[in-house]
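Visitor: Now for the letters of each chain:
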Amino acid sequence: MKWRSSDLKQYQNAKEYIDTVIIPIIPFQIDLEMLAFQSEVLTIFANEIEKELAGRVMLMPTYSYLKTVDPQSEINRINAWIANIKEQPFTNVFLLTFDANWKKNEKEVHGHLLWLPSVKSGNLQSNEMKAMIRDQTNQIIELIQVYW
Amino acid sequence: MSKEKQQVSRRQFLNYSLMGVGGFMAAGLLVSPIRMAIDPVLKKTAAGDYANAGISVDDITTEPQRVDWTIEQVDGWYQSKPSKTAWVYKDDNDEIVALSPICTHLGCVVSWEGNDQYPDQFFCPCHGGRYEKDGTNIPGTPPLAPLAVYEQKVENGILFLGNAISRKGA
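Protein chains in written order, with the UniProt record's numbering: chain F, 1 to 148; chain Y, 1 to 170.
Don't take each hint at face value.
Here are the simulated SDA-like pairs of lysine to any residue, each with C-alpha atoms no more than 20 Å apart in a straight line [claimed, not checked]: (1) F/K15 x Y/D75; (2) F/K2 x F/N84; (3) Y/K84 x F/L66; (4) F/K51 x Y/H127; (5) Y/K153 x Y/W69; (6) F/K51 x Y/D75; (7) F/K130 x Y/D68; (8) Y/K84 x F/E48; (9) F/K51 x Y/V8; (10) F/K130 x Y/S83; (11) F/K86 x F/T20; (12) F/K2 x Y/G114; (13) F/K51 x Y/G114; (14) Y/K81 x F/K15.
Worth flagging that the hints you see were computed from the coordinates, not collected in a lab.
Construct the entire structure; sequences and hints are all you get.
Guide: As structure tokens, then:
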């Protein structure tokens, strides 16, 4: 399910079944086309995962941050998000990102970081891209299931 | 004749004109409720819209396989092309069966033989819901209803799928 009113009603009724949260993490700098493209791809990934695992996973609003910002302040900010989410309670928090900088500070982040090798450019409508996304989605889903 | 016609009294004339005006007003009042009452008949339904599932009938085997296709959808503000999925196979009577993959528990996507421990069953990865090959939910697992079945038709050897029809619990 997603963070929208209709899904939240369902969540309230089935709270014991939904224990996992996915947060897409997207760096932002307005003139970088590559980041915009990666943001599109990551959004597709997040939606596909949510679709397959809708009954146990809640997709959070995208966490965005300036590409140039100090990493430590972002770690504090994401940890605040995670702390708030875990109060619900959610037991598993997955962070989905293309930005390898997070990998360096993984230990300080209070969630499971899923770093994906990035795609720099391409045609989202092409069959190759769709097959690639489908294939990678399945692998991420298997990985998430390991934590359940 | 013409003389008789002019013998309409003032009282009669007023009565007629009042009835006429009143009739128009009553008709005017009735138009909208009647229009609303018969609205369902006039409304165009999306039902009967079949989409090409992208699989030839000859390629369908007794083993369920996953097919994905996209449909055009206008949903309020959004015009989108959502993708749809079905598990398609031929049953013992050689009839095509197209099952919706949406788990009737909380809406995850089930897969055929998704767990090695349960061959010949649909398995839901989220909470371990299971279904027989014909989509019947297995008692004791979380789902309370069988998987929905797609309306289907075959044209020129290609499978077309319509709406998913949900079924009553077993």
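Visitor: Take the C-alpha atoms of Y/K84 and F/L66, compute the straight-line distance between them, and say whether it is at most 20 Å.
Guide: violated, 36 Å
Visitor: Is the Cα-Cα distance between F/K51 and Y/G114 20 Å or less?
Guide: Judged against 20 Å, a Cα distance of about 16 Å means the pair holds.
Visitor: Given the hint that F/K51 pairs with Y/H127, does the C-alpha gap stay at or below 20 Å?
Guide: At roughly 15 Å apart (the allowed maximum being 20 Å), Y/H127 and F/K51 satisfy the hint.
Visitor: Does the structure keep F/K51 and Y/V8 at a Cα separation of 20 Å or less?
Guide: violated, 77 Å
Visitor: Within 20 Å, alpha carbon to alpha carbon, are F/K130 and Y/S83?
Guide: holds, 12 Å
Visitor: Given the hint that F/K86 pairs with F/T20, does the C-alpha gap stay at or below 20 Å?
Guide: Cα-Cα ~10 Å, so holds.
Visitor: Is it true that the CA of F/K2 sits at most 20 Å from the CA of Y/G114?
Guide: violated, 24 Å
Visitor: Compare the distance between the alpha carbons of F/K2 and F/N84 with 20 Å, and conclude whether the hinted pair is satisfied.
Guide: It holds: about 17 Å lies between the C-alpha atoms, which stays within 20 Å.
Visitor: Going straight from one Cα to the other, do F/K15 and Y/D75 come out at no more than 20 Å?
Guide: violated, 28 Å
Visitor: Checking one constraint from the list: CA of Y/K153 to CA of Y/W69, max 20 Å. Satisfied?
Guide: It holds: about 15 Å lies between the C-alpha atoms, which stays within 20 Å.
Visitor: Is it true that the CA of F/K51 sits at most 20 Å from the CA of Y/D75?
Guide: holds, 18 Å
Visitor: Take a quick look at whether F/K130 and Y/D68 sit within 20 Å of each other, Cα to Cα.
Guide: The given pair, whose Cα atoms are some 12 Å apart, holds under the 20 Å limit.
Violated hints, in rising order: 1, 3, 9, 12 and 14; the structure is consistent with all others.
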